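*Asks:* Sequence:
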Amino acid sequence: MAIVVTVPTVLLTRPTAQSTTIAEPNTSSAIPSTVIVTSTLEVTTTNTTSTVETTTTNTTSTVETTTANTTSTVETTTANTTSTVETTTANTTSTVETTTADTTSTVTSTITETAETPMRGTDVALTPQALWSPNGTTVAGGHDVGEELNQLNRPHGLYVDENQTVYVADLGNHRIVAWPAGATSGQVVAGGNGPGNQLDQLYRPIDVIVDRSTDSVIICDRDNNRVVRWPRRSGTHGELLLSNISCYGLTMDDRGYLYVSDTENHEVRRLNVGASQEILLAGRNGTGDRLDQLNEPTCLFVDRNHSVYVSDSSNHRVMKWVDDAEEGQVVAGGNGWGSDVIQLFYPRGVLVDGMGTIYVADENNHRIMRWPQGATEGLLKVPGYFIHVVEGGTMIFSIR
111 MAIVVTVPTV
121 LLTRPTAQST
131 TIAEPNTSSA
141 IPSTVIVTST
151 LEVTTTNTTS
161 TVETTTTNTT
171 STVETTTANT
181 TSTVETTTAN
191 TTSTVETTTA
201 NTTSTVETTT
211 ADTTSTVTST
221 ITETAETPMR
231 GTDVALTPQA
241 LWSPNGTTVA
251 GGHDVGEELN
261 QLNRPHGLYV
271 DENQTVYVAD
281 LGNHRIVAWP
291 AGATSGQVVA
301 GGNGPGNQLD
311 QLYRPIDVIV
321 DRSTDSVIIC
331 DRDNNRVVRW
341 PRRSGTHGEL
351 LLSNISCYGL
361 TMDDRGYLYV
371 SDTENHEVRR
381 LNVGASQEIL
391 LAGRNGTGDR
401 LDQLNEPTCL
411 FVDRNHSVYV
421 SDSSNHRVMK
431 WVDDAEEGQV
441 VAGGNGWGSD
451 VIQLFYPRGV
461 LVDGMGTIYV
471 ADENNHRIMR
481 WPQGATEGLL
491 KVPGYFIHVV
501 EGGTMIFSIR
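Its first residue numbered 111, the sequence shown is counted upward by one per residue in the numbering used here.
By construction, these hints were calculated from the structure, which means they are not laboratory data. A quick note: this is a predicted structure, and the numbers were derived from the prediction, not measured. We treat Cβ as the ideally placed atom computed from N, Cα and C, and that holds for glycine. Certain hints may be false.
[Stated by the list, open to error] Label pairs and their computed distance ranges (CB to CB):
| # | residue 1 | residue 2 | range |
| --- | --- | --- | --- |
| 1 | 298 | 254 | 11 to 21 Å |
| 2 | 465 | 397 | 28 to 38 Å |
| 3 | 390 | 254 | 37 to 47 Å |
| 4 | 272 | 401 | 35 to 45 Å |
| 5 | 298 | 451 | 39 to 49 Å |
Given these sequences and hints, build the entire structure.
*Replies:* Put into structure tokens, the structure is as follows:
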């Protein structure tokens, strides 16, 4: 059992993100985000890309200039951002002689991003140009099945926090384990006291997210039919958030709303945790394959517009439910179960990048599929079950 990270490599010429390795493409539309374009000028922009290409024929030129003390200011405004470059040149006389053959040059840029609110929803830093490596790196587990701190037993849901710590729903060990970046063993942050229904226990937890506003982890405690919250650091027991729910997947939007899938009632709920307000968001009409129905929904993703993407598992499709819509839209699969590129077979993990491309963990086909926005068929990527993307674009997925 291992959680693997695969890293695609992309070579970009300005306009896009920096050179990356599988999932380290650094173009993002995360909200809010700061993008630093580094070359000779440092500016702050949002989602800005540019390419400078010049071609010069054979030329010989001599330029002689004498420049007195001069101060010049260049002011540029890019995407509501203003930057000023000020230079002072002392008395100088220079002669430049150049002979240039036919040349084409491309200026590339390096883009670095920071996201203030890393979470499983809202925005994902992946680019469609990413090239995917067939080999991954184990970042948690990988020492056979077991209950030692360097082992996992049927890992399921994943979450990566702002420090690159990987949180794993270690289902078979009835615990949540945190693996700091580069660690060779994990730390139990919830459960770990055997299977049970007490508040210091979990019973087959299947998903986990981090709520930074309360410095806590929120857990789908599946076989206890509840959602619980534990302190992220040094917690000895949890508190009950929802009961009598066959929860499977969790996500949270930038407003702090919690989304939970209920597989037995074939619906998705949205909860305002602080106000204890809950609404039925999707699948209000029982089980079925109509656009206003779901059939055993599992994993969830919410985008910046608060549209919810649902792995409608037993309908073998991914549905998109726009905020407050009465019915959803099929955005991947929906052509019965199977292994063709137009099909899915019990989809699980789902995420969406800033371009609207959908990534689906297609469980029974043992693959992760990429569905560009509006596409009628998917593209094969790598094997996996649950998926999560780290800030900076690294995709992490669990293999059971």
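*Asks:* Now look at each hint and say whether the structure bears it out.
*Replies:* Consistency of the hints with the structure:
1. 298 x 254: 11 to 21 Å: holds (19 Å)
2. 465 x 397: 28 to 38 Å: Holds, since residue 465 and residue 397 (Cβ atoms, about 33 Å apart) stay within the stated range.
3. 390 x 254: 37 to 47 Å: holds (42 Å)
4. 272 x 401: 35 to 45 Å: 37 Å Cβ-Cβ, so the 35 to 45 Å window holds.
5. 298 x 451: 39 to 49 Å: Distance hint for residue 298, residue 451 holds at roughly 41 Å.
When each numbered hint is compared with the structure, no violation occurs for any of them.
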